[in-house]
Every structure is written in C-alpha cells, then in structure tokens.
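A.B. asks: Residue strings, one per chain:
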Amino acid sequence: MQLPIETFTLPNGLRVTVSEDHTAPIVAVNLWYHVGSANEPLDRTGFAHLFEHMLFQGSEHVAANEHFELIQRAGGTLNGSTWLERTNYYETVPSNQLALALWLEADRMARLVPAMTQEKLDTQRDVVKNERRWSVDNQPYGSWWEKLPALCFPPTHPFHHSLMGSMEHLSDATLEDVAAFFHTYYTPDNAVLSIVGDVTIDEAHRLVEEHFGSIPRGNGRPPLADMSVPSTFGEWRREVVFDDVMVPRLFLAMRAPVLGSADYYPVSVAGAVLGMGRGCRLHRELVREQQLASSVVAFTFDLAKGSDLLILDVTARPGVTGDQLEHAVGSILDSMHRDGVSDDEVERAIAVITTELTTSLQSAQSRADKLSQFATYFDDPTLVNRQVAAFERVSTADVTRVARRLFGADNRASLLYEPRGEDAHAAEGAFQEGDA
Amino acid sequence: MNRGDRPSPSPARPYAFPEAERARLSNGLTVHVVPLRRLPVVTTLLMSDAGAECDSVATAGVASLSVDAQTEGTTERDGTALANAFEQLGGSLDTAATWAYSELSTTVAASRFEGALSLLAEATRVPSFPESDVLRLREERMAELLQQRTEPRGLADDMFASACFAAVSRYASPEGGAEQTVAAISRDDVVRHHANFVLPARSTLIVVGDVEIEHVLRHAESVLGSWSGQGDSSPDVAVAPTHAGRVVHLVTKVDSPQSELRVGHTAVGRRHPDFHAISVMNAILGGLFNSRINLNLRETHAYTYGAFSHFDWRRHGSAFETSTAVRSDVTGAAVREIFAEIDRMRNEAVSPAELSLAIDYLTGVFPIRFETTAAIADAIAMRESYGLPADYFDRYREQVAAVSADDILRVAQKHLTPDRTQVVAVGDPAIVRGELEALNVGPVYLYDATGRRTA
Numbered sequence: 062m063q064l065p066i067e068t069f070t071l072p073n074g075l076r077v078t079v080s081e082d083h084t085a086p087i088v089a090v091n092l093w094y095h096v097g098s099a100n101e102p103l104d105r106t107g108f109a110h111l112f113e114h115m116l117f118q119g120s121e122h123v124a125a126n127e128h129f130e131l132i133q134r135a136g137g138t139l140n141g142s143t144w145l146e147r148t149n150y151y152e153t154v155p156s157n158q159l160a161l162a163l164w165l166e167a168d169r170m171a172r173l174v175p176a177m178t179q180e181k182l183d184t185q186r187d188v189v190k191n192e193r194r195w196s197v198d199n200q201p202y203g204s205w206w207e208k209l210p211a212l213c214f215p216p217t218h219p220f221h222h223s224l225m226g227s228m229e230h231l232s233d234a235t236l237e238d239v240a241a242f243f244h245t246y247y248t249p250d251n252a253v254l255s256i257v258g259d260v261t262i263d264e265a266h267r268l269v270e271e272h273f274g275s276i277p278r279g280n281g282r283p284p285l286a287d288m289s290v291p292s293t294f295g296e297w298r299r300e301v302v303f304d305d306v307m308v309p310r311l312f313l314a315m316r317a318p319v320l321g322s323a324d325y326y327p328v329s330v331a332g333a334v335l336g337m338g339r340g341c342r343l344h345r346e347l348v349r350e351q352q353l354a355s356s357v358v359a360f361t362f363d364l365a366k367g368s369d370l371l372i373l374d375v376t377a378r379p380g381v382t383g384d385q386l387e388h389a390v391g392s393i394l395d396s397m398h399r400d401g402v403s404d405d406e407v408e409r410a411i412a413v414i415t416t417e418l419t420t421s422l423q424s425a426q427s428r429a430d431k432l433s434q435f436a437t438y439f440d441d442p443t444l445v446n447r448q449v450a451a452f453e454r455v456s457t458a459d460v461t462r463v464a465r466r467l468f469g470a471d472n473r474a475s476l477l478y479e480p481r482g483e484d485a486h487a488a489e490g491a492f493q494e495g496d497a
Numbered sequence: 246m247n248r249g250d251r252p253s254p255s256p257a258r259p260y261a262f263p264e265a266e267r268a269r270l271s272n273g274l275t276v277h278v279v280p281l282r283r284l285p286v287v288t289t290l291l292m293s294d295a296g297a298e299c300d301s302v303a304t305a306g307v308a309s310l311s312v313d314a315q316t317e318g319t320t321e322r323d324g325t326a327l328a329n330a331f332e333q334l335g336g337s338l339d340t341a342a343t344w345a346y347s348e349l350s351t352t353v354a355a356s357r358f359e360g361a362l363s364l365l366a367e368a369t370r371v372p373s374f375p376e377s378d379v380l381r382l383r384e385e386r387m388a389e390l391l392q393q394r395t396e397p398r399g400l401a402d403d404m405f406a407s408a409c410f411a412a413v414s415r416y417a418s419p420e421g422g423a424e425q426t427v428a429a430i431s432r433d434d435v436v437r438h439h440a441n442f443v444l445p446a447r448s449t450l451i452v453v454g455d456v457e458i459e460h461v462l463r464h465a466e467s468v469l470g471s472w473s474g475q476g477d478s479s480p481d482v483a484v485a486p487t488h489a490g491r492v493v494h495l496v497t498k499v500d501s502p503q504s505e506l507r508v509g510h511t512a513v514g515r516r517h518p519d520f521h522a523i524s525v526m527n528a529i530l531g532g533l534f535n536s537r538i539n540l541n542l543r544e545t546h547a548y549t550y551g552a553f554s555h556f557d558w559r560r561h562g563s564a565f566e567t568s569t570a571v572r573s574d575v576t577g578a579a580v581r582e583i584f585a586e587i588d589r590m591r592n593e594a595v596s597p598a599e600l601s602l603a604i605d606y607l608t609g610v611f612p613i614r615f616e617t618t619a620a621i622a623d624a625i626a627m628r629e630s631y632g633l634p635a636d637y638f639d640r641y642r643e644q645v646a647a648v649s650a651d652d653i654l655r656v657a658q659k660h661l662t663p664d665r666t667q668v669v670a671v672g673d674p675a676i677v678r679g680e681l682e683a684l685n686v687g688p689v690y691l692y693d694a695t696g697r698r699t700a
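Chain order of the listed sequences is V and E.
Residue numbers for the first sequence follow our numbering, so the first one is 62 and each next one is one higher.
Residue numbers for the second sequence follow our numbering, so the first one is 246 and each next one is one higher.
You may find that some hints are simply not true.
[Unchecked claim] Residues from chain E that face chain V, not an exhaustive set, calculated with beta carbons under 7 Å:
1) S255
2) R258
3) A326
4) A328
5) L380
6) H464
[As the list claims (entries may be wrong)] Among the chain V residues that face chain E by a calculated CB cut under 10 Å, a handful are:
7) L139
8) W297
9) R345
10) S355
[To be verified] Chain V residues, not near chain E, derived (Cβ > 10 Å throughout):
11) R76
12) H218
13) H266
14) L285
15) A286
16) S289
17) L320
18) D363
19) H388
20) G391
What the hints contain is simulated information worked out from the structure, not anything from laboratory work.
Bear in mind that the values here come from a model prediction, so they are computed numbers and not experimental data.
C-beta: ideal position from N, C-alpha, C; glycine also.
Work the whole structure out from these sequences, hints included.
C.D. replies: Below you can see the structure in the form of structure tokens.
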C-alpha cells in the first residue's frame, strides 16, 4: 500500500508534505520542530517541555488557551508533545476548517513572544511541576523515565538528562529563556509541516503560502554536543532502586542502531521476537512457562542520532525476587545471543510489525506524524512507503547476526526496581493469602 | 487578509456514519458488516452479552477471566499454538470484558481475514480452558491488584466504586474483580460463565474494513453457523448507593506529593432520555480542555496537570465522576473548587458561548471519532450492547445540536446531586486530613491501601 505524497519547500525553509485522502471530510495538520530535550542547556533541563506548554498560552492574535477553544469549537482535536529530539504540535479538524488550524500554527510560529507574560510562565511552570508529580514522583516505577537514560548515556551526552527536568531547573526558567529558545529553534527552516486528508495539493500550497510565507527564516541552530557513543555498553551495568512498589520490575536496555539505519530493521525484528505479542520469547518463557513475570514488553526509543535503545520491560510475579527476574531475562538473551533465532519466529515478528505499521496509518494524524518524522530526521517523507518492504526483507540470518552482536552480556544496562523493606513483607503476606 | 483575522470555514462536506449490512446466520447469530474502502485492513469483533454484569457479586472477575482464558487454547490447539497462529497472520487476539459485554477482536490485513475469523470462531466455539492456564491468569490478576496498592490512580478508582455503589451491587468492585473475589474463582466458574452467556443468541459478529459482504457472510456461516447452545438469563444488577449523605474517603499513601481525587456519585443508566443533554452539560462542566473545572483547577489555580469530569455510562446505573491529581497542600482547596463548579452548574444557566462550544465540538468531532476500522467496530458494539436504535449514530448530531441552556440547567439540577456526593482522596493524611476536615463536606473516613477502614 502506497500513500500519495507531495512535497514543497517555502523560500523561508519550511518543508511541507501533503498526502491527499478524500475518504472522510477531515484533515490532519502536524508540525514538527527539530528541537527536544537534547537541545536544552544543562542548567535548564525540562525547558523544551515547559516551552511546549507556553505555546498554548497564546500569540499576538490569540489569547491564552484560545488555541484549544478555537480548534475544539471547530470540531477538532489537538495536542502537542515533547521528545528527546523533537517537539510536535498537531490538530485534526473537519476539512473545511483547515485554514483555521494553519492560521493558529502560523501565528504562534511568527508572533509568540508578544503574548508571553510572567504570570503565564509561573502558571505553566506549576502545571508542569504537577505533571512531573503525576507521571514521575507519585507513580510506582515512575522514575524509570529519568533513571534509564541517565544509566545508558554519559553525563555530558544530550540524551543523559531527563525530559521532564528537575524542579529546580523549572523554577529557574525565565521569560528571557522563552524568547531566546523561540528565536533559536521555532523558525520555519527548523520545522516540518505535514497535511494529510481531505485537501488538494493546490489548496494546501495556497494556504501554507498565505499563512507561513512571510515568516522570516531563522539564524541557524547551535550544533548539538557530540552524540556518538560506542555501539555497545562494553559491560553489564546495573542500578538497583528501592522504591514504594509491591513487586520487582526490570528495565533492561541494550544499545541499538539508530532509527533509519540498515540494522534498525533486523534489531526491531529481534526486539519483537523477544517481546512483542504473546508468541514472543519473553512471554512464552517467563509468563507462561516459568511464571516468573506477569507482563513483558520490548520497545525502542526510535532515536535518530548517536545510539538508539532497545528496552525490555519485565514485571515480576509476587514472590519472585529481582535477582531471579534479572537472571531469567539474562538467560533468554544469552540463548538468543548464542543460538540465534528460527524462521518461524522471524516470520511471526515481521507479520506483527508490518500489520501494526499499516493499521496505525488508518488515522490521518498518525500518518501525518510519520511523514513529519521521516521529513525531519531524513529529509525524505516518502520513506513511510518503504517501511513495510524494509521489514519484509529482513532474513533469519540478519536477525541472528544482530543478536550475536548486541544481545551479549557486554551490552546490557539493568535498572531494577525492588520493593522497600516493609513493602516486601506486605507483598509476601498477600501472595500467601491469594494462594490460599 | 489581515493577520489578525480568523479564517472562516469553507462549506462543510457531509459525513455519514458508515452503513452496516445486517444479517443473521442459520444459528441466529447476528452479523453486521461495514465494507470500507480506505486501507486494506479488517477488524473482526465478536461481542457477547457476557460482560462483568453477568458476574455474581461474590465471584466478581469471572467474566474478565473467562474471556481472557479463551485465548489459552482450544480443543484443536494449545494456547501457545493459538497465539502463534494469530500472530503469523499479523494479528493478535485481543480480549476485553466491559460491564455490558465481553469481546474477542483482531485487526489484520484484508488478505488474511478468513484465517483470522476462523481462529476467532474456534476460540469462541471450543475453548478448552486448561486448568493450569486459568489459574495462572487468576494469579496474574492477583498480582495486578497487589501492585495497585502503591498506584494512586487505581486505588482512587477502586475506592470511588465502593464509596458510590453499595456492596450488594456488582458495580462496587472493578470489572476485573477485587482481591477477595478473584481469589475465590475456580476453573468451573469460568467454564460455567462461558457456557451460560457466550452463546449465538447473546452474540453479535461485527466486521469492518476492506471486505465484500457476501464473502464475510459465507465464511461466517461456515465457521460459526454450527455454533449452538442454551444458557441462563442475566442476573439482576442491584444499583444502590453506599452512603445516603456526603462522606470523604481518605486512602493513606504516606509521603505522597500529590493527592489523587475522585468526586462524584451514582447516576442514571445509559438509556436515559436525558443522555444527550447530560453529555453537553458535562462537556461544559469538565469534559473539554476549556471546561469550567479544568480552567479553574489548572489554568487559574495551577493546582494540577489536568482535571476532568465524565459519566461512566453503564446499563443499569452509571457513575458521575470528577478526577484530578493535585499538589498535596491544596487538596482541600481543590475539592472546594470542584463543589463550587458543580453548584454553579446547578444554579445558573450556561452562557451562549459555552453552549455553542460544547455543541460545536461534539457535533464537529463526530467524523474524527470513526477514522479506524476498530473505532467503528467498537462504536457498533457500544450501540448494540445498550440496545440503542439502529439509527442512533445517524441522529446523534441533531440530538446534540437540539440541546438548550434550559435543558442543561434542568439536567444539572436533576443528575448532579451534591448532597450525596462522595469524595475520595488518595494521599498523605498528615498533610491532607486537616484540610479535608476543615471543608465540612462530611465525615472523613480513613483507610489503608487495601481499602480497610482504619478510622
């Protein structure tokens, strides 16, 4: 299945991708700025995400929170999100409201700063601190989001620090920081716009010119610190965290080839052989046969620079110790490292991955997000049409080869959560009760 | 055009909810087929009137365990082989038990539809429910419940259910059951549930995607046409509130930097004629980002990352529920603001701007809700499970658009009942107990993380 894809670039550097689909009267607008937590100064961790919140606080012609109101009044949905390497903003609207969505995005790309006030910054800083409490501090295992990258990347590496940031750095952020970040990174030549759905290429071109054409190009972005790291850890590094949790949970990361590289595909298939679906090795062996785990999953961060991470996330059954869990996961990796994989396993993994890829393209917004991703990282949105083939080309020998290279004991980082003393007792008692 | 001028919309293109062909197999099984030429994928969903409402109160969790256990093997192949067979087709056999129905579903490439339906039919007709796997699934559910003791959102949800619904109601514990009830479930319970409730006369097959109607019906007849069985009628679901008046339920989570809050009460069932007016009212109160509760708690006071209200619709009696997580030292203030917003909703008419925002959103977003084959299948399953009319989705937008400010005031006064509202807070009593007592909302009951009352 091939999506129709048209691209053009405005003189100010804004790269635009359009994919027509007239099966329903809706259209998705998706804007990626090539800036994420990796670009933050080290004394402003969390700033890229705080800044994302500020983008909903209005611009020259839009009042605070009016962006939400106008899109919802138009019958649309919207949000934004921050990641290590990018920040995205998106709306899905009835197709007759496309101009409104583009006007809103253009107004804040062109004229954000006049609307920024200390009061808005103070409020959003508190909202973000509440988001941190909600997702990290007051969630069992919630700190894995910051502990795992810190364990996997050296302290000066742009991926080392937490995307959510520290409370202290959030407190330090100023309006000057907001203006400087805006002028450096929120420029048309550092952005990619994708429009998918019920619109013609001509109409899209006309509207984009009208709303974004006069926004001046930026002055270039400062280079990132050196992202390169060795392709394996060269050791099995471990960190144990005693936390307010009832059962152990292991996050085991391996360094992996970056998104879009040739070996990204066989490594993703290897990850699915290990931890995707119920026919995967971790599920079969740890959940079903040995009954040491209650849930397992493998996933990648899909990082495009430096090194990606393939992460196994395994939660112990009550009564199973963290050591037992880590040892069992290690053994499964050892055997895949030693003996490779079978044709059946690879066939299953590829079928599951490619079905999910195709199914996920049903929504106009997820199609637009994929186009933006490939345009931002590789300057080629048409890559979206070659993903299924790239996975289908992966052979059993390819997967066995990458497992030999990456699944050994010299490429592991374990972040193991263990119940704190008194909680462990409670867990034991409950387990016996449950059994009786 | 001037940069400050907001673009006005061009004429809207019409949209209609995709039309389904209805048919009946020789054994009475109802089939809905929605041919959709978008992407070459198909969602197949088999729903049965066998949801958590079919559980007895003492063995709450059977429905959920039973539908999960359908994936653990059939008389033809064991659980591993069944999972592999599905996944070789690129699909997975997804299971769920809602209050009203249980379902098996899968989404695969259109070329693999026949194989997927055959497997789904096999897991429905001849599941083997191996004892060891049923018990393993039960232990996994017990593990999940144990983990929840340190998980504030789950703790709050479960305490809210038992604070609203009296213990005689199935709705007092979660769909998946509670520790005491799940521990009591045996393989026999699971087998009996399946035999009594997962039957052709209680089931509907829904197929949405790139398919031909004739082809679907022919294949469905060949793999499901001989499925048969007689069962029980559904048990009655008692719906009674736990407390006649307001009570604050404080669940202890020491050192918690936030309090997880639930504020609400029991409400009418899903088929109530006020449904559309209640939906618009709730959008204004706490459903939208720009709702009164979210703007108040998040944007005005910065107490929270987000605050929302919704009606958790069920067949026999629903729950109205406001949810948020707030900084511990503003727990009392946040509860006061929520009560104030509920009172304001009952005391004065909404403004024309608020009314049009809610109606324009709910009617405008309608096509966006049904972009995927799975979303359309789920919508049909919802409609069938509540016994809503066949033209329900065709009439939805006109019914929402007809709601007036007077209707909203009337349904707010009738369906929001502050004098019997329950407040649940999961937080650190050392910080929040005094604040909650000072509110004078009602008596403050204290609980540990297993839900046992300690004071």
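A.B. asks: Determine for every hint whether it applies to the structure shown.
C.D. replies: Results of checking the hints against the structure:
At its closest, the beta carbon of S255/E sits 4 Å from a beta carbon of chain V; the interface hint therefore holds under the 7 Å criterion. A distance limit of 7 Å between C-beta atoms decides the matter here; for R258/E the minimum to chain V is near 4 Å, and the interface restraint holds. Hint on A326/E is violated. Least Cβ distance to chain V is approximately 9 Å, over the 7 Å limit. Contact between A328/E and chain V, as hinted, is supported at the beta carbon level, the nearest pair being about 4 Å apart and thus within 7 Å.
With a least beta-carbon distance of about 10 Å to chain V, the hint placing L380/E at the interface is violated under the 7 Å criterion. Hint status for H464/E relative to chain V: violated, with the closest Cβ pair at about 19 Å, above 7 Å. For L139/V, the shortest C-beta to C-beta distance to chain E is roughly 9 Å, which falls under 10 Å, so the interface hint holds. Hint on W297/V is violated. Least Cβ distance to chain E is approximately 27 Å, over the 10 Å limit.
At a threshold of 10 Å, the smallest CB-CB gap from R345/V to chain E is about 6 Å, leaving the interface hint in force. Below 10 Å, beta-carbon pairs count as interface contacts, and S355/V has one with chain E at about 4 Å; its hint therefore holds. The claim that R76/V lies off the interface holds: its Cβ sits roughly 23 Å from the closest Cβ of chain E, which is beyond the 10 Å cut-off. No beta-carbon of chain E is positioned within 10 Å of the beta-carbon of H218/V; the least distance is around 28 Å.
For H266/V, the non-interface assignment is confirmed: its Cβ lies about 16 Å from the closest Cβ of chain E, beyond the 10 Å cut-off. No Cβ of chain E approaches the Cβ of L285/V within 10 Å, the least distance being about 29 Å, so the stated non-interface status holds. Every CB of chain E lies more than 10 Å from the CB of A286/V, the least distance being 31 Å, so the non-interface label holds. With a least beta-carbon separation of about 36 Å from chain E, S289/V lies farther than 10 Å from that chain, consistent with its non-interface assignment.
Non-interface call for L320/V relative to chain E: holds, since the shortest CB-CB distance, roughly 22 Å, exceeds 10 Å. Non-interface call for D363/V relative to chain E: holds, since the shortest CB-CB distance, roughly 21 Å, exceeds 10 Å. Taking the minimum C-beta to C-beta distance to chain E, about 19 Å, the non-interface status of H388/V holds against the 10 Å cut. For G391/V, the requirement that its beta carbon stay farther than 10 Å from each beta carbon of chain E is met, with the minimum near 22 Å.
When each numbered hint is compared with the structure, violations occur for hints 3, 5, 6, 8.
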